[in-house]
Amino acid sequence: QQQVKQSPQSLIVQKGGISIINCAYENTAFDYFPWYQQFPGKGPALLIAIRPDVSEKKEGRFTISFNKSAKQFSLHIMDSQPGDSATYFCAARSDTDSWGKLQFGAGTQVVVTP
Amino acid sequence: EPEVTQTPSHQVTQMGQEVILRCVPISNHLYFYWYRQILGQKVEFLVSFYNNEISEKSEIFDDQFSVERPDGSNFTLKIRSTKLEDSAMYFCASTEEVLYEQYFGPGTRLTVT
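So the protein lines, in turn, are chains A and B. Anchor point for the first sequence: position 112 equals 112 in this note's numbering, and the numbering is continuous, going up by one each time. Anchor point for the second sequence: position 18 equals 18 in this note's numbering, and the numbering is continuous, going up by one each time.
Certain hints may be false.
Said to hold, decoys possible - In silico DSS-like cross-links for lysine-lysine, where the CA-CA straight-line distance does not exceed 27 Å: (1) B:Lys-57 - A:Lys-5; (2) B:Lys-42 - A:Lys-42; (3) A:Lys-58 - A:Lys-68; (4) A:Lys-15 - A:Lys-57; (5) B:Lys-42 - A:Lys-68; (6) B:Lys-42 - A:Lys-5; (7) A:Lys-71 - B:Lys-42; (8) A:Lys-68 - A:Lys-42; (9) A:Lys-42 - B:Lys-83; (10) A:Lys-42 - A:Lys-58; (11) B:Lys-83 - A:Lys-58; (12) B:Lys-78 - A:Lys-71; (13) A:Lys-42 - B:Lys-57; (14) A:Lys-42 - B:Lys-78; (15) B:Lys-57 - A:Lys-57.
For the record, the hints were derived by calculation from the structure and aren't laboratory data. Keep in mind that this is a model prediction, so the values were computed, not measured.
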């Protein structure tokens, strides 16, 4: 059972453009939605996270939009830079019925061209 | 800045052999995790560990797997009899509180031949 679905699988964007990655979840018990950035050969690193009590969270060029009724959330990377080229994973967690287990999406490989 | 470390970075083993993957979590963290990532696929939860016992495990974490915190700093994942399908990147993660951010190590690439 795929609890977190992520799209697209890959994305090519020009420098300065906007990258948009979408995720959908099924489990209504999820109440914490982080995005992780992973560079080749490295472990995932937390980029930004949101909880369902807000519809949007912005940190620098990175914004999460959250739609609780649709059970969807997305990551927007504004003014994309070549250094943003990485794989991005959405994830979800239920803070009430787990020991912190993260359920990851399949990942999106983002390539930012100069 | 404190970080999670893992050794070795790459382990090659023959099918049927036992392997131990090692992790040193951040020193004041109390909750520990193992995840794995098969090449090109998503990161999958294996097991969580708290207060010297397994708190949760996935269906992947069968009897071939075990975890241990042998001392105050190390956290290990043992695979007793490796299979080809165990080839993956294994990530250790830790957190201070279960609701806080999990910090991931750089991973150990396990190759089973």
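Going down the list of hints, with the structure as the test:
{"no.": "1", "hint": "B:Lys-57 - A:Lys-5", "result": "holds (21 Å)"}
{"no.": "2", "hint": "B:Lys-42 - A:Lys-42", "result": "holds (14 Å)"}
{"no.": "3", "hint": "A:Lys-58 - A:Lys-68", "result": "holds (17 Å)"}
{"no.": "4", "hint": "A:Lys-15 - A:Lys-57", "result": "holds (23 Å)"}
{"no.": "5", "hint": "B:Lys-42 - A:Lys-68", "result": "holds (24 Å)"}
{"no.": "6", "hint": "B:Lys-42 - A:Lys-5", "result": "holds (11 Å)"}
{"no.": "7", "hint": "A:Lys-71 - B:Lys-42", "result": "holds (20 Å)"}
{"no.": "8", "hint": "A:Lys-68 - A:Lys-42", "result": "violated (31 Å)"}
{"no.": "9", "hint": "A:Lys-42 - B:Lys-83", "result": "holds (24 Å)"}
{"no.": "10", "hint": "A:Lys-42 - A:Lys-58", "result": "holds (25 Å)"}
{"no.": "11", "hint": "B:Lys-83 - A:Lys-58", "result": "violated (44 Å)"}
{"no.": "12", "hint": "B:Lys-78 - A:Lys-71", "result": "violated (37 Å)"}
{"no.": "13", "hint": "A:Lys-42 - B:Lys-57", "result": "holds (24 Å)"}
{"no.": "14", "hint": "A:Lys-42 - B:Lys-78", "result": "holds (21 Å)"}
{"no.": "15", "hint": "B:Lys-57 - A:Lys-57", "result": "violated (31 Å)"}
When each numbered hint is compared with the structure, violations occur for hints 8, 11, 12, 15.
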